[in-house]
Amino acid sequence: MESAGATPIQPTPGDAVVPDAFGGEPSRRTPLGELQLVEAHRRGESAATAELLGAYQRRIYAVCYRMVRNPDDADDLTQDALVKVLEGLDTYHGRSQLSTWIIRVTMNCCLSHLRKQKLRRHASLEELGSAGEPARALGPVQGELSPLARVEQAERQALLLRQLRGLDPQMRAVLVLRDMQDLDYAQIGEVMDVPVGTVKSRLFRARAALRAAAEQELDSTPGLRDP
Amino acid sequence: MPERFDEADLLALIEDELDPERAAALRLRLLEADPQTRALVEGLRRDREVLRSTPEPGLPRDFLADLEPLLARRMLTEVPVGEFRRRHARRQRPRWTTLAAAAMLAFAVLGGVWALSTGLLGPKSTPGDNLIAFGDPEAAPQTSTTADRPSRRKTDRLAGEPGEPDPLAPTRGTIHHHKPLDALAEAFAPLAAADRDDNQRRAVLDAPAPSARGPIVAGFALLVLSDDEELAEQTVQKVVADLGDRTALVRNFSYEEAERLEQQWLIASGRGRRRAQPTEAATMKSVRSEMAKALDKNAHRYERLADLARQQFRERRNRDWADETKLSEQLHGPAEAAPSLEQQLELSRRGATHTIAIRVSQLNKLLAGITLESGQATALRMLPGPDDELLKASRALTDLAWEELRKVRQLVSRLAEDDADRILFLPVVIRRPDAE
Numbered sequence: 001m002e003s004a005g006a007t008p009i010q011p012t013p014g015d016a017v018v019p020d021a022f023g024g025e026p027s028r029r030t031p032l033g034e035l036q037l038v039e040a041h042r043r044g045e046s047a048a049t050a051e052l053l054g055a056y057q058r059r060i061y062a063v064c065y066r067m068v069r070n071p072d073d074a075d076d077l078t079q080d081a082l083v084k085v086l087e088g089l090d091t092y093h094g095r096s097q098l099s100t101w102i103i104r105v106t107m108n109c110c111l112s113h114l115r116k117q118k119l120r121r122h123a124s125l126e127e128l129g130s131a132g133e134p135a136r137a138l139g140p141v142q143g144e145l146s147p148l149a150r151v152e153q154a155e156r157q158a159l160l161l162r163q164l165r166g167l168d169p170q171m172r173a174v175l176v177l178r179d180m181q182d183l184d185y186a187q188i189g190e191v192m193d194v195p196v197g198t199v200k201s202r203l204f205r206a207r208a209a210l211r212a213a214a215e216q217e218l219d220s221t222p223g224l225r226d227p
Numbered sequence: 001m002p003e004r005f006d007e008a009d010l011l012a013l014i015e016d017e018l019d020p021e022r023a024a025a026l027r028l029r030l031l032e033a034d035p036q037t038r039a040l041v042e043g044l045r046r047d048r049e050v051l052r053s054t055p056e057p058g059l060p061r062d063f064l065a066d067l068e069p070l071l072a073r074r075m076l077t078e079v080p081v082g083e084f085r086r087r088h089a090r091r092q093r094p095r096w097t098t099l100a101a102a103a104m105l106a107f108a109v110l111g112g113v114w115a116l117s118t119g120l121l122g123p124k125s126t127p128g129d130n131l132i133a134f135g136d137p138e139a140a141p142q143t144s145t146t147a148d149r150p151s152r153r154k155t156d157r158l159a160g161e162p163g164e165p166d167p168l169a170p171t172r173g174t175i176h177h178h179k180p181l182d183a184l185a186e187a188f189a190p191l192a193a194a195d196r197d198d199n200q201r202r203a204v205l206d207a208p209a210p211s212a213r214g215p216i217v218a219g220f221a222l223l224v225l226s227d228d229e230e231l232a233e234q235t236v237q238k239v240v241a242d243l244g245d246r247t248a249l250v251r252n253f254s255y256e257e258a259e260r261l262e263q264q265w266l267i268a269s270g271r272g273r274r275r276a277q278p279t280e281a282a283t284m285k286s287v288r289s290e291m292a293k294a295l296d297k298n299a300h301r302y303e304r305l306a307d308l309a310r311q312q313f314r315e316r317r318n319r320d321w322a323d324e325t326k327l328s329e330q331l332h333g334p335a336e337a338a339p340s341l342e343q344q345l346e347l348s349r350r351g352a353t354h355t356i357a358i359r360v361s362q363l364n365k366l367l368a369g370i371t372l373e374s375g376q377a378t379a380l381r382m383l384p385g386p387d388d389e390l391l392k393a394s395r396a397l398t399d400l401a402w403e404e405l406r407k408v409r410q411l412v413s414r415l416a417e418d419d420a421d422r423i424l425f426l427p428v429v430i431r432r433p434d435a436e
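Those protein sequences? They're chains A and B, same order as listed.
FYI, the numbering for the first sequence is 1 to 227, going by the numbering used here.
FYI, the numbering for the second sequence is 1 to 436, going by the numbering used here.
Warning: the hint list may mix true and false statements.
Simulated DEER-style distance windows between Cβ atoms [to be verified]: (1) B/D34 x A/R115: 35 to 45 Å; (2) A/G33 x B/P35: 28 to 38 Å; (3) B/E17 x A/L111: 25 to 35 Å; (4) B/F107 x A/Q117: 45 to 55 Å; (5) A/L35 x B/W96: 40 to 50 Å; (6) B/A268 x A/R43: 18 to 28 Å; (7) B/L59 x A/L111: 19 to 29 Å; (8) A/L111 x B/G111: 38 to 48 Å; (9) A/Q36 x B/A268: 27 to 37 Å; (10) B/P20 x A/S146: 37 to 47 Å; (11) A/A149 x B/E17: 45 to 55 Å; (12) B/E49 x A/S201: 20 to 30 Å.
Derived EDC-like pairs: lysine to aspartate or glutamate, alpha-carbon spacing no greater than 16 Å straight-line [to be verified]: (13) A/K116 x A/E152; (14) A/K200 x B/D6; (15) A/K200 x B/E17.
No lab work stands behind these hints, which were simulated from the structure alone.
All values derive from a computational prediction rather than experimental measurement.
Backbone N, C-alpha and C define an ideal beta-carbon position, used for all residues, glycine too.
Make the full structure from the sequences, and use the hints.
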């Protein structure tokens with residue numbers, strides 16, 4: 001199922017072998033094992049359905065959680081996404097990876113939910129704090145090896161996750177897909193239904209926007225700043 | 001003038017997509033020409049690393065355990081006809097299928113005109129459908145060799161075409177959606193509202209005329225498990241009666257009873273016993289092959305059994321032959337609303353103990369009413385197809401009888417898109433939980 005010129009990646013334990021393709025039109029690269037599961041699901045084999053959905057429910061939840069940052073909403077969205085995946089498996093054509101397709105369904109659920117919610121671009125610190133991660137002040141980042149550095153890393157992580165929630169949903173989506181779901185540009189383009197060039201542009205601007213939001217929080221907290 | 005850097009190059013540096021040499025060169029250029037941008041890039045790289053190192057949130061629970069009842073609830077609450085049609089139309093009709101459908105329609109119209117003009121248009125034949133058999137009874141082929149009986153409503157053509165592959169091969173599994181009363185009431189509240197709106201609309205428009213098309217037979221059955229089968233039957237009867245006058249409930253004329261009558265008749269008439277159906281099958285392939293050949297004979301068989309039963313009944317009870325309801329048990333509704341004896345036999349053979357006749361638009365209300373009764377379990381499951389009888393007889397294949405909820409849901413969706421006033425014959429299986 002590799003496209004011409006594609007570079008096969010080395011499978012890691014537990015992964016299906018997935019030929020990779022950078023740029024150009026997506027090729028038919030659904031792993032054979034997953035395709036067989038889909039076909040078994042279509043035949044009505046409930047064990048195949050359970051295996052398929054069981055393998056992806058964690059990932060679906062992760063996407064939902066990172067997009068809405070509210071555990072209750074993430075719970076509901078995960079259920080909705082699973083149902084939509086189940087409904088859509090009959091029409092899944094295998095032109096894209098199953099994982100990409102599932103994430104696309106999930107992301108559409110999340111974006112639809114956010115559109116309905118009409119979230120503000122920048123939530124207050126109290127709201128962000130109540131979402132489950134403490135609104136800690138940022139300390140200086142000096143490295144990643146020392147215990148202090150690890151604590152600071154954690155604080156930086158909390159800051160970025162808080163600010164991520166305040167980003168525009170489209171920007172948030174591209175960061176979640178790139179950094180947390182480890183999708184490549186082509187896959188992100190499939191999920192968001194935009195060209196690769198748009199993905200790159202959106203990613204750069206999303207990173208810049210996240211940095212700007214983080215800087216704003218730092219500036220608003222006296223005495224705490226990156227060196 | 002400060003050097004301008006391409007956004008793509010900067011992104012490539014941030015994303016570690018440059019080889020070390022190019023990355024170092026770009027960093028140097030940034031340092032010399034635009035330290036501010038370099039600082040930004042380094043900040044973005046750090047942010048990227050932080051986000052990528054964020055652990056995945058733990059799964060709070062197993063979502064799959066909740067998926068099954070969720071699907072059942074969604075199935076029963078999604079079918080309010082008007083709303084479902086709008087949603088269904090939005091979701092499932094990409095443009096290319098619309099174009100393809102339009103092209104096919106145009107081709108069919110042109111073909112029909114050509115056929116009419118050349119006199120080639122013969123008798124209509126309804127398309128084969130494994131799951132729902134329907135057709136215009138006036139256009140259905142007359143297969144009976146007995147005299148024409150105007151008061152006997154011709155059954156719709158029975159499901160399945162000889163040799164037609166079953167696109168939905170049955171697999172094991174049933175979905176039970178027996179729930180506490182409170183949860184059910186909450187789940188069906190939107191449904192009740194939709195029904196009220198629907199009823200109000202209909203009241204304004206006057207009672208809708210009965211559909212000109214013949215009844216359809218659902219390929220799925222309502223399964224009611226109860227330790228008290230008589231009480232369960234009364235429950236179903238009450239719910240059907242509450243739906244209104246244009247409904248019916250019959251206890252099907254049992255196929256086993258019909259075969260028993262046939263055996264008695266054969267013996268009494270000196271023709272010996274009927275050859276028994278084979279009960280063992282060497283392989284599924286041989287079974288399917290046999291049944292494929294025999295499938296077209298099923299319809300004739302039901303008619304023969306029904307005619308024989310009518311004859312015997314007439315002889316025994318000295319009643320009018322048109323009073324077919326006495327051969328089965330009409331528990332509610334007028335005789336003309338009930339399925340014919342042939343239809344009852346076919347459904348009985350496939351496991352249905354009763355048949356409900358309702359309008360398609362009443363299906364949700366019926367299911368809501370029955371599932372709200374306490375003390376019993378209800379489920380929807382696919383009926384075994386007419387060609388499954390021999391499969392069931394084969395020990396190796398007895399677990400192939402039932403479909404999953406997903407298939408049933410597809411049928412309910414199709415029903416909702418069809419004529420809402422059309423009469424639906426819904427098979428019902430009432431039995432004890434430990435029976436099979």
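Which of the listed hints are not met by the structure?
Of the numbered hints, 2, 5, 6, 9, 10, 11 and 13 do not hold.
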